[in-house]
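A.B. asks: Here is what each chain is made of, one letter per residue.
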Amino acid sequence: MSRWTGFPFKDIHEAAPERAAEGRSLAGLFFLLTASAYVFKAVKISLFLQWLKSSRLPLAYLITAVVMGFVVSLNTRLLRTTKRRPYVLGSLAFFAVTLALFRLALPGHGRWLIILYWLWSDIFLAMSVTQFWIIVGDVFTPREAKRMVSPLVKFGLLGGISGSFLASRLAGRLGSENLLLLGLAFLLGAIVLAGTVLRKPPTSAAAAGSAADRSASSPSSPGFGYGLKALLSNRYLALLGGAMLAAVTASTLIDFQFNRVLEWKIAGADERTAFLGMFFTCLLIVSLVLQSVLTQRVLRTFGLGVAVMVTPAVLLLGLAAVAVIPAALALPWAVFIKGADKSLAHTFNQSTREILYVPVPPETRARAKVFIDMFLNKVGDGVAALLIAGVTAVFAPSWKGMSWVTGACLGVWILFVFGINRAYGGVIKANLRARRPDAGEIIQGRMDVDAAKLVFDTIDSRGRSSVLYAMNLMDLLRREKVGPELRAILNEEASRVRAGSLGDLIESGGAALFPGWEDGLQEEQLDAQVREVMALDVYQEIMKQRFDEMAGQEGPAGVVEQMEAAKSIGLMAPDSPLVGRLRELLRNESPDVVRYAMESASRHGRREHVPLILPRLGDSALADAAAAALAAYGDRIAGTLGDALADASFAPAVRQAVPGILARAGTPRAAAVLFRALRRGDSDVPDEIVGGLVRMRAEHPDLLFPGPLVAAEIRRAVASACRLIEDRVRCKPGPEPGAGTAGLERAFQRVFDLLSLVYPFEDVVRAWQNFARGDRRAVDYAIDLLEHMLRREDKDVVLPLLEQGPDEAKARRCREMRGRLTDKDRFLL
Amino acid sequence: MVIDKREKEGIVIFDVEGEIKRSDVPDVTLHDRVKTELDEGRRFILLNFEKVGFIDSFGVGEILASYISTHNLGGKLKLARISKKLTLVFQVTMLTKVLDIFEDEDAALRSFLRD
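For the record, the sequence lines run as chains A and G. Each position in the first sequence, counted from 1, maps to that position plus 472 in the numbering used here. Each position in the second sequence, counted from 1, maps to that position plus 281 in the numbering used here.
Hints in this document: simulated from the structure, not taken from any laboratory. For glycine and all other residues, C-beta sits at the position ideal for the given N, C-alpha and C. Just to be clear, a hint being listed does not mean it is correct.
Covered stretches of chain A (in silico footprint by chain G; criterion: 3 or more residues with CB under 8 Å from a CB of chain G, positions within the stretch not fixed) [claimed, not checked]: (1) 1011-1025; (2) 1036-1049; (3) 1184-1192.
Isolated chain A, as found in the complex (with noise of 0.2 Å):
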């Protein structure tokens, strides 16, 4: 293992191994700029308590919060009207100028000055925090973008730790604002790096979302106006914007509460500085181990759904405890409630915040970040001002009193964070790339299949038989599908092909079909009539002798008469002794004839008739018509059917076709047919099967499939690709570019297909839409909406399997993954 691709970058090269350069460099960036925050945060805090007490904190945080307005403006601005190099290089160059003039000025000007200094350092923090995640969006996709924010953090964590524990060791020995050059020093560094990191164009798959971000703030908008805008027209964002906002005004709360508690408790500038120092480095480490054992930890085990929850509840119960702490352990309450609030912020919430940011579409998420990130957190403060003004003025409040404020604050924080979680899964779907419909699918929606067949059919007789395009014409009227396109369709065939024997009662020059077609009530005393005429015991004694010397005939006349035959015995009474006649039609060499007598066979549904069916279904001129008769027995021979599918010895093109046939049935009967034949394992039609099921579910939505049994059939389907992906490895370079390609892409397609059977089908097929688009960013959204979709249990089998990488990445994952089966689905599989 390289120096780059061990500790402490391990995690970096594992989120992003193609862009571990890029993830190197900004994780120092982010250790740099953290590091310099907080020698001047410690410094900060202490000297506006020593210089301007606790009381006036209110101001500050006013003060920050009404100034942070125009701040955001100017930064959306220049966002959109500078090249992101030169932006966020001036802007770091302004502050560190601005930073050494502060260190000249602090000594002999206290008081005011302070709360200039305070307002530069929340800016600082504010501006260089949002730019570094959106150069951040800039060098990687979305996806792993997502994977980097928790390595990054971890770096930021470290670089806060370094800054604290020197701020703590040099503050006694340097004096409070000589610290402030060593946060220089480090904001230097962080200069340089970001020059270093700039310096390349972003990637192709970022390039798009830069340029959204920059678009997104057309010239024609002012930056302020545009970001309230996008939070406005977005619930979701809405619902971000109120999250953080609230959240930032329980923190300032609880800042307030610190501070108070500090001043309070501990004199002396440097002593607090030190003491600041060492809070935040015990702080941060907290908030590392945090992150590096729980954060991922609850998010892969719970969900991004619960981790949200994790800070406000956290918070909730530490605030409750205030109740029964003495004022003897006000410091350490107050220790504990700031740092949960911090450590937190630092882990749980930036992880998840970053994370919900993610779905957010490219134009709207640049503007929407900075407003919520960096507007949004100050007005947070304006509020918290506000209310601890207007309480101490009020209630005059015990350092406990406040907690009330806090803990209504955070109240509200959960409510918005329900919120986020009911909307998360929709915005992921609204990114995915709509699903196009097939030209079947259309034709499906629109036409019923059968009547269009029988429309066809219908055409097609013409030229054939007076009888048959009468009967065929006859079977329309009784299906009742004769909707005006297929009157329009039918007669147009009419003017077009004459077929002379009905003279001019049928082809009445396109006019009409029959004599008075138009008239509903005649068409139906039509088919009484024929109805009633084919109950006669007369016409069945005619029609027997008929039949008995259309037995006998040959050729093309022959085949015509028993055409009309088949065809007649399915517009009569179940009970008519001809049906039985059916027998010998199905078995006749005329695939017509053939055709024919199975559909009437479908009609009457004897099951006699299924062993004649069955084996036509190998016949390439009968197949679909097979399908279709024996479609209409519904599930009554699913059994049969499964019989059929089990048994080798009927052709291939029999048994690939059975499954069709039971999912149109789309009964629990016929899934189960099919869920035995899949668990079986010895069928050579497994795609068929599968493919049977994925239609059964997209046509009957409401049925439910065995749970377990399709998640047995998901852990086979990922570990087939398992393997496959593997082979390919180990045979790198293989024999020809490409090779495997496509039976991955159909192990790929059998997991989403399993998937769609017991997830929202609709969701399922977008996602491997979009998955089987392949760009970096499709498959991202489709992940998305799978890792928010997902059980957890399918979850850590069928993600690694679709993360993008390297292929060795891939096989490393799978063979993970492939440790991770229980016993239990080592025995399913």
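Given the coordinates of chain A, assemble chain G onto it according to the supplied hints.
C.D. replies: For chain G alone, coordinates are given in the frame of chain A:
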């Protein structure tokens, strides 16, 4: 329903008038009339429906029963001038394949002579 009988070149022609329906069954039906002729040794019968306004399934049954009776005795029964609607019913029920149907009486008579 009114049934008039006439003969032409040894062929019995029944001119049917009115409606042939189940709700209006006469004392002597069309089939009865045909059977009488068959009993009297006639074997060539033409049913002329020019003046028939409506025939329901009962009427069709009468025609079919007449056909079978004639056919079983080696005779010929033919139809002329049936309505378009009835032609359609016969088409759908395949009876056009069994029955000899003509557009006018002369054509029907000529076909008897050919037979």
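A.B. asks: Take the hints in turn and mark each one as holding or not.
C.D. replies: Hint check:
1. 1011-1025: Result for this restraint: holds, n = 5.
2. 1036-1049: With 4 residues closer than 8 Å to chain G, the region 1036-1049 of chain A meets the three-residue bar; holds.
3. 1184-1192: As far as the region 1184-1192 of chain A goes, the hint is violated, because 0 residues have Cβ atoms under 8 Å from chain G.
Of the numbered hints stated above, the single one contradicted by the structure is hint 3.
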